[in-house]
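Trainee: From first to last, the protein sequence lines are chains A and B.
Residue numbers for the first sequence follow numbering that gives the first Met the number 0, beginning at 0 and rising by one.
Residue numbers for the second sequence follow numbering that gives the first Met the number 0, beginning at 0 and rising by one.
A couple of the hints might just be wrong.
To be verified - Partial chain A-side listing against chain B, Cβ under 8 Å, derived:
(1) D42
(2) T46
(3) L47
(4) V206
(5) G207
Since the hints were derived computationally from the structure, they do not count as laboratory data.
Source: prediction; values computed, not measured.
Positions of the beta carbon are idealized from the N, C-alpha and C atoms, including for glycine.
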Amino acid sequence: MSTNRGFVVERWTRLSIASSIAAVALLVVLALAPLLFAANIVDSLTTLFIYLILSVMWNALAGYAGLVSVGQQAFFGLGAYFAIQFSYYGISVYPALLLGAVAAGLLSLPISMLMLRLRSGEFAIGMWVVAELAHLLVALDPLINGETGVSMIALNAISPDDRRAYNYWMALVAMVGLLAVVFALLRGRLGAAVQAIRDDEDAAQSVGVRVLAGKRTIFLLAAFGCALAGSLWLGTSITFQPRTYFGIQWTAYMIFMVLVGGLGTFEGPILGGVIFFLIEYLFGETGVWYLVGLGAAAIVFALFLPRGLWGTIEERFGIRILPVGYSLRMFRSDFPPGGGAAAPDPQPSIKPGVAANESKAPPPVELG
Amino acid sequence: MQDTAASSVDGGLLVGADVHQRFGALTVLDGVSFTLAANEAVGIVGPNGAGKTTLLNVLAGAFRPSAGAVYFKGADVTTFDAAQRCRLGIARSHQIPRPFGGMTVFENCLVAATTGGGLSGERAYQCCVDSLALCQMLHVANRRAETLGLLDRKRLELARALATEPRVLLLDEIGGGLTDEEANNLVETVQVLRGRGLAIVWIEHIVHVLVRVVERLVCMDAGRIIADGKPEAVIADAAVIDAYIGGRGTP
Numbered sequence: 000m001s002t003n004r005g006f007v008v009e010r011w012t013r014l015s016i017a018s019s020i021a022a023v024a025l026l027v028v029l030a031l032a033p034l035l036f037a038a039n040i041v042d043s044l045t046t047l048f049i050y051l052i053l054s055v056m057w058n059a060l061a062g063y064a065g066l067v068s069v070g071q072q073a074f075f076g077l078g079a080y081f082a083i084q085f086s087y088y089g090i091s092v093y094p095a096l097l098l099g100a101v102a103a104g105l106l107s108l109p110i111s112m113l114m115l116r117l118r119s120g121e122f123a124i125g126m127w128v129v130a131e132l133a134h135l136l137v138a139l140d141p142l143i144n145g146e147t148g149v150s151m152i153a154l155n156a157i158s159p160d161d162r163r164a165y166n167y168w169m170a171l172v173a174m175v176g177l178l179a180v181v182f183a184l185l186r187g188r189l190g191a192a193v194q195a196i197r198d199d200e201d202a203a204q205s206v207g208v209r210v211l212a213g214k215r216t217i218f219l220l221a222a223f224g225c226a227l228a229g230s231l232w233l234g235t236s237i238t239f240q241p242r243t244y245f246g247i248q249w250t251a252y253m254i255f256m257v258l259v260g261g262l263g264t265f266e267g268p269i270l271g272g273v274i275f276f277l278i279e280y281l282f283g284e285t286g287v288w289y290l291v292g293l294g295a296a297a298i299v300f301a302l303f304l305p306r307g308l309w310g311t312i313e314e315r316f317g318i319r320i321l322p323v324g325y326s327l328r329m330f331r332s333d334f335p336p337g338g339g340a341a342a343p344d345p346q347p348s349i350k351p352g353v354a355a356n357e358s359k360a361p362p363p364v365e366l367g
Numbered sequence: 000m001q002d003t004a005a006s007s008v009d010g011g012l013l014v015g016a017d018v019h020q021r022f023g024a025l026t027v028l029d030g031v032s033f034t035l036a037a038n039e040a041v042g043i044v045g046p047n048g049a050g051k052t053t054l055l056n057v058l059a060g061a062f063r064p065s066a067g068a069v070y071f072k073g074a075d076v077t078t079f080d081a082a083q084r085c086r087l088g089i090a091r092s093h094q095i096p097r098p099f100g101g102m103t104v105f106e107n108c109l110v111a112a113t114t115g116g117g118l119s120g121e122r123a124y125q126c127c128v129d130s131l132a133l134c135q136m137l138h139v140a141n142r143r144a145e146t147l148g149l150l151d152r153k154r155l156e157l158a159r160a161l162a163t164e165p166r167v168l169l170l171d172e173i174g175g176g177l178t179d180e181e182a183n184n185l186v187e188t189v190q191v192l193r194g195r196g197l198a199i200v201w202i203e204h205i206v207h208v209l210v211r212v213v214e215r216l217v218c219m220d221a222g223r224i225i226a227d228g229k230p231e232a233v234i235a236d237a238a239v240i241d242a243y244i245g246g247r248g249t250p
């Protein structure tokens, strides 16, 4: 930070430092949860972590890189399927779950070569086709018994209490790890580059962005993350049925969480994931009406609160807890050096010695 | 008129050599040869549909020409895409502004500085602040670009291109629709850039604005260069007047 040059680019705020400390404290408590809390709470938290992974991955894909995929269940299912394969060939359970996700992540590379040639709507539909194809091909594997499915028998060898704790810890580490990776990527050079691609691919190219490489990085990451969520789900449910794992509902959940929380914000999908988890916890028993409610809520958000809950809060109040963006603050009106003949008139908002915090005067909120 | 096809490849900083651009049956560029010398500012004028923007797209790498070649600093860059050319030092603005709407004005420039300019950290920030200051956009630096009005969107096109620290700047009608005062500001800004040694190609309909900055004027019509030389000479050229007034039926 070089205040002597008349400006400072702010990335962390006091709020973000405070909330990071709070997040670490929360993490310590969460890490000890299997020792502290009742079994059903631990199971619920494991489910929540898996939802959060899915939500954050879909947001990275659609909210930041502009890759609106309705076929992410492909990787959710493939992660679980490959884990079953690895387990069948004698690899012990938890390494098999991780390797399953890695294998699905690797498979996403050739898939990306085809899919990333497509733009917007074509990409969305293409991904759905990929998911259906993956579903059909997996169901052909004799190991899976068609739609009847198969169990990851090796999981039964572990006592239910141990399994609960291992699942929980693996889900926690996976979620925190993936959140950290996404955060680091988005804060770095790639984050700005993929957002530029999202907003205007040709213009991004014109300022030097490697469009395909940027998209591919996010695509691979999201594929791996969704696959890891799938193999973790297998760890908690033991059984694998193609129809369940390759169901479109997984992507519907992801879209719901991200839309409600705030597309293209870092914090939003986390909020959306928690909200989705609570809704499911409270109303999940009501069957069809629960799904109707979810769909209606998603439509309401898309129409009336397109930036989601967090996006709206962020815009109204200028709050950023974990900032991936940049905020420029000017300190002097005699800036800039070297502006020459075209030096700007002194801006009314930039007074000598006074930090003109632009973020305190947010632009008018657009809800259209 | 000059024999434009004879322009030498090694003489210029940015050269389009016998460029043809066809879209299906439509020929938009029909053997255009164009040379931009280092530190030169060239204006391109011509009636609508003359192929000006297409030529700019070919030079910037947005289009791969159907035939012909593009050279930058003597090297053949015909197969390079727009991103590669930008990283080499060719930046452009778009006729219809194309901001990254979901990002702030500052972030728009930062993408350009970190990818096209290859800068990082404080140097990238400094470059963005300089570009925004020059384009009088510092006061909107933290606004999301989609909330900007047309004037600021046009300024952002220029600021973002400058943030890539280019050697060559390709400007496509950044002066359209400006008031006289705004146009004067723009002329001053471009003159500052000239003073920094940038080579500039500027497409503009407002010729009286253009001639205050450029030392050479090129007039295009129907996919060809019909005049190329000192601005006064080109403006007075019979073929140019013909192209604008429209005596095209009588060769």
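Trainee: Let me make sure I understand: some of the numbered hints might not hold for this structure. Which ones are they, in numerical order?
Mentor: Checked against the structure, the hints that fail are numbers 1, 2, 3, while the rest are satisfied.
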